[in-house]
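Engineer: Given chain A, work out where chains B and C should sit, using these hints.
Residue numbers (this note's numbering), protein chains in the order written: chain A, 278 to 757; chain B, 2 to 450; chain C, 1271 to 1400.
Simulated from the structure, these hints should not be mistaken for laboratory data. Some hints could be false.
Unchecked claim - Going by beta-carbon spacing under 7 Å, a handful of chain B positions derived as facing chain C: (1) T314; (2) I319; (3) R320.
Unchecked claim - 25 Å max Cα-Cα, derived DMTMM-like pairs, lysine to aspartate or glutamate: (4) C:K1320 with C:E1379; (5) B:K155 with B:D202; (6) B:K17 with A:E714; (7) A:K391 with B:E67; (8) A:K731 with C:E1357; (9) A:K565 with B:D34; (10) A:K319 with B:D223; (11) A:K502 with B:D202.
Just so it is clear, CB atoms sit at the ideal spot from N, CA and C, and this is done for glycine as well.
For reference, the chains in residue letters:
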Amino acid sequence: MIRERLIFEISDKGKNGFRFPKLDVPENKSLNDRIPMRDSIKDFPQVSEVEVVRHFTRLSQTNYCVDKGIYPLGSCTMKYNPKINERIAQIENFITSHPFADPEMSQGNLEVLKTLEDVLREVTGMDAFTFQPAAGAQGELVGMMLIRACMEERGDPRKFVLIPDSAHGTNPSSAHICGYKVKEIKSNDSGTIDLDDLSNNMDKDVAAIMITNPNTLGVFENQIKEASEVVHSKGGLVYMDGANMNALMGICRPGDMGVDAIHLNLHKTFSTPHGGGGPGAGPVGVKKILEPYLPVPRVKNKDDQYFIDEDCPKSIGRVHSFYGNFLVAVKALAYILSLGPEGLREVSETAVLNSNYIRKSLEKEYHLKYKTPTLHECVFSDKYQKQYGVSNIDIAKRLIDLGVHPPTMSFPLIVHGALMTEPTETESKADLDSFIEAMKQIAEEAREDPGILKSAPHNSYVRRLDETAAARNPKLRWEP
Amino acid sequence: MSYIALSEKDKKEMLKAIGVSSPKKLFDCIPGDIKLNRDLKIPTAMSEPEVMGYFNECAQKNKNSEYISFQGAGAYRHYIPAAVDYLSSRGEFASPYTPYQAEVSQGTLQSIFEFQTLICQLTGMDIANASLYDGASGAAEAVLMAMRINRKSKVLVPKTLHPHYRQVINTYTRNLGISVREIGYDETGRIDTTELEKNLDNNTSAVVCQTPNFFGVIEDLDKISAYAHENKALSIAVLAEASSLGLLKAPGEMGVDIATGEAQSFGIPLSFGGPYLGFMACSKEFVRQFPGRISGETNDIDGNRGFVLTLSTREQHIRRERATSNICTNQALCALRATIFLEILGQQGLREWARQNIQKANYAYDLFKDIRGVKAFFSGEIYNEFVIKTGKKWKEVESEFMRKNIIPGISLERFYPELEHCGLVCVTEVSRKKDIDRFAEILKGILAG
Amino acid sequence: MYPEDFRYTKDHEWVKIEGDTASVGITDFAQSQLGDVVFVELPEIGEELKSHQTLGVVESVKAVSDIYSPISGEVTEVNEGLNDVPEILNQDPHSKGWIIKLKIKDKSELDELMSASEYEKYLEGLKDEE
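With the rest of the complex left out, here is chain A:
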């Protein structure tokens, strides 16, 4: 197999891939003396356009992607990204619009943001949204800051935030940057929050609970209303991580469950492509009590005229250079308008159907720690395979050989050797079956020929990579 070299290794003096027009103003030579300028940039690449195009085309071909096949990464909602959304996000008047342009010149942009706010309010049952957060983690941070600001105004920001042991790592991390200490709440035998443990921990020092619903096991927190009541009765607030909204659209709404603040991941639930790690968007929705604290700027309208409101004295301030990842919001709105109310409900129903089909088809071959019914994802583990010396990483790497993307590994932390599987609604039965067949084949190989799993993948562009060496002896940039 041809190994794609680094661009720096094919660079050669004097080559270039782009030509600017000739400078059309008289050159001012004195600038070179007046301003401290650098010499040429050492080892900066010099390549032709065709080399760049082939370099990235060949690199792209070593990636697995949603456009190629099923991508059942749990908690990531890797659904198909409709192509119309990409075309819309390239409309000239959107992409050439400057963030400092007068609102009168950006009415179209502001209409998109306001319309998206309105539909998301309805989908979630919340009262207001901000689009500043550039990703889910930033959304969580904003949500917790809103809660803190509200608590401060009531006289005491409090000290702790309660987080279930099944939560995403971003939850405790965001709470920490917000100045809170984290108290972990145990899950019970059904994988949901233990209401007793919650009641015991909820007191006047606790500002909020951060809850994921459905949680990272794919289980709906069926006592969320009771949990919210416990928290509210002691003066606390409820934050919901909306990463798993794909299970709930048109079925039920966080705003009706006692949730005070939520973030959504537009790059998960609302189909904007993940781009190999972003850009996403993490809009935050709140109930009325938290609205005064939302970040500035806020987009508002009076009749058909949209305007920007920066005059929000209680606001926590700004968290983004401008309006957040605007083009991601454009794509999400395009998606919602394409689907409409029935379409969104069908998304959730089908996501849950697909996930349960996989669960049912594999539950004999793979251990399920929690037997509770699940919605859009389910968490298998490598417990049955462990006896043959096979771990979840071996299963994942073997799936690569079989042409499908592995599930999320080793998360949530409460399931040892987890394989967290979320097919999403967009997969055909044939694609679901190919994943199921691959998983069954691996279960059999674990019994018959575990060696083939331990040394997988065998036919990928690179084979199993030495992560230990990478971390012990970090090489983080090319050097000649």
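Structural biologist: Chains B and C in isolation, oriented as in the chain A frame:
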């Protein structure tokens, strides 16, 4: 339109396999009293042509295409080579997740590794990460990083730093017991070093310095770093206009400890402010406190070179509340665009690009400040933006320009009430000489009247 | 497996006493749970540690674990070799992989720690919980 790939027959078979009669049954685990039991009140579904039509109409309500713009201030108009759009829109780059499964993500991981290398070369620093959200959160992350390194609680932030970046630093630090002190500017338009010196003490964690700064003026990073180091504080450089790195001295050559900024100029369209591209680089002694993902080189079991996400124990999914940052998803596809952009431009292109920016802006600056009624407000050297003071209030000047379909820049009054007669004008390589000359003519007319 | 003359904690650290000095490390069980160690964060010499206080951090590729001081005392030496060759912790956790040496403050604290046989029994108990 729905994006479901199951036929009715498929659904029936699957329901039968699961053992339920309808998909609704699968939601029995949700208590009835919180179920919606009605349709969402949102617009009914549209076909593809209808959706396209709606957004075309929406976009037409934006008036930007009717104007020639001289706006900058953290968002810059630059030419984007065709190959950038072409390559970055490939599904193999746009539609994968974060490269957790390295063996099927080498394209993404190698691109990130090249991006990190390019950022190191441009900034003159040792290590760079895979990206942050934008310049503003980059500045805030740098401040938090400095506090983790030296555990001091005061940060000096100049008024010459982009006002939005200052606001974001304030938001990020407000709950962490950090005091943020603002430092003024002098007549050169640079940080007032007398005031800086007065405020530096043993408890100062870092000095932040944007260059070229919000006024377009090139700061003396060398000197600012020296002040910081004398007081055992760290020097943080913020590069809001990354094209300047093609020509101006690199932060790494000027004593900077952490360099961060906004790389929107590297092939990312204006897009009403996002998605953009935050970047960060630092000296390698601080790697354990560095936020964000990093791609590293290693080998596979056959000895072939490959790349993996590495040093992950700094990150939230492992270290949870003690992580160096809560960042998870970043701006990967924007970083890919920047990588392609920089590699297409290459050594010569990058330098020529920066040269045209500085030359054209200085041409315009010299032309405008000779106009009667116009003053160069600051005496410092500029890169591709500058502040002019006019005999009339800038707002009046601006509305006269708008009537001639020119956006003359940004009014500074909203951020600096003392500068109500001042505008911030940005001239890049895409500004044509004839438009600059016309700007001058119009300005002359406005101020003569 | 577990040296008879060491004392052990529930967090899987060991202590070896030599006069007024105690060496501290992590147990073979701890290193096997962590996997390949890639980094060890060490305290400063001269630091005063209380028992149960964090003295450092061990990192593998995908896990981070605090190391707690089994007893109180002042850090007199740290194993600098771990900076360059952290894998000693995997290869020889009970000897070359020592992490710090302490000047013991209160010998009575040792009584609260487990003996080798008690620790082995404790590990058996953990296995049953799995």
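Engineer: Indicate, hint by hint, whether the structure satisfies it.
Structural biologist: Do the hints match the structure? See the list:
1. Annotation: interface hint on T314 of chain B holds; nearest CB of chain C at approximately 4 Å, less than 7 Å.
2. With its C-beta approaching chain C no nearer than about 6 Å, I319 of chain B sits inside the 7 Å limit, and its interface hint holds.
3. Hint status for R320 of chain B relative to chain C: holds, with the closest Cβ pair at about 5 Å, below 7 Å.
4. Proximity of K1320 of chain C to E1379 of chain C is assessed by CA-CA distance (about 10 Å); at most 25 Å being required, the pair is judged to hold.
5. Only pairs whose Cα atoms come within 25 Å are accepted, and K155 of chain B paired with D202 of chain B is accepted, the gap being roughly 9 Å.
6. For the given pair, K17 of chain B sits about 18 Å from E714 of chain A by alpha-carbon distance, which is consistent with the 25 Å threshold.
7. Of the supplied pair hints, the one linking K391 of chain A and E67 of chain B holds, its CA atoms being roughly 24 Å apart against a limit of 25 Å.
8. At most 25 Å may separate the alpha-carbon atoms for a hinted pair to count; K731 of chain A and E1357 of chain C meet this at roughly 22 Å.
9. The suggested pairing of K565 of chain A with D34 of chain B holds, with an alpha-carbon distance near 22 Å, which does not exceed 25 Å.
10. The suggested pairing of K319 of chain A with D223 of chain B holds, with an alpha-carbon distance near 20 Å, which does not exceed 25 Å.
11. For a cut-off of 25 Å, the pair hint linking K502 of chain A to D202 of chain B is broken: about 51 Å separates their Cα positions.
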